Amino acid sequence: MPQEQLDTVSVLLRRSLSKRRSFRSRVDRDDRGWTLLHIGARKGDLKEVKRLLDKGMDVNAPAWGPKSKGVSPLHLAAKGGHVEVMDELLERGADIDARTWGACGWTPLHNAAKERKREAVKFLLENGAFLPDDMNDMRFNPPLHYCPG
Numbered sequence: 001m002p003q004e005q006l007d008t009v010s011v012l013l014r015r016s017l018s019k020r021r022s023f024r025s026r027v028d029r030d031d032r033g034w035t036l037l038h039i040g041a042r043k044g045d046l047k048e049v050k051r052l053l054d055k056g057m058d059v060n061a062p063a064w065g066p067k068s069k070g071v072s073p074l075h076l077a078a079k080g081g082h083v084e085v086m087d088e089l090l091e092r093g094a095d096i097d098a099r100t101w102g103a104c105g106w107t108p109l110h111n112a113a114k115e116r117k118r119e120a121v122k123f124l125l126e127n128g129a130f131l132p133d134d135m136n137d138m139r140f141n142p143p144l145h146y147c148p149g
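For the sequence shown, the working numbering assigns the number 149 to the last residue and increments by one with no breaks.
A couple of the hints might just be wrong.
Label-pair restraints from in silico Cβ distances [stated by the list, open to error]:
no. : residue 1 : residue 2 : range
1   : N60       : D31       : 13 to 23 Å
2   : P2        : E126      : 14 to 24 Å
3   : L131      : E4        : 15 to 25 Å
4   : L125      : D31       : 25 to 35 Å
Rather than coming from a laboratory, the hints here were simulated on the basis of the structure.
Remember, it's a predicted structure, so these values are computed and weren't measured experimentally.
Cβ coordinates follow ideal geometry from the N, Cα and C atoms, glycine included.
Could you put together the complete structure from these sequences and hints?
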């Protein structure tokens with residue numbers, strides 16, 4: 001999704017959320033099932049991620065949209081290679097080995113590897129991402145299968 005559209009969605013959700021007292025699970029999501037925390041993590045917006053976590057957003061909130069089954073904010077930060085955001089999410093209790101639901105069963109490490117975000121892959125491995133020889137997605141590909149040579 002282009003940056004301009006992400007910014008528009010973020011503004012609209014922020015306006016909607018500002019009228020509520022709490023972050024309820026189904027109401028405060030866009031059409032992909034993303035919360036503001038998902039959007040902030042995908043954009044690499046550390047300040048926004050901290051603000052949302054301070055307000056009580058669930059660090060492991062899974063997205064439940066048609067193409068985002070179980071994607072966590074950490075999956076999205078890893079996909080973008082946003083190491084500072086990944087670090088903040090892990091400090092706040094994010095599951096480093098969270099798996100998506102459905103066909104793939106990807107972890108944040110799969111996302112970082114697929115997008116060739118070397119620093120993110122290194123960061124996840126250094127912080128305990130699970131990588132035994134037989135760990136794979138539902139297509140039987142290990143995360144490092146997606147890494148370039």
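query = Of the hints given before, which are not true for this structure?
reply = Of the numbered hints, 2, 3 do not hold.
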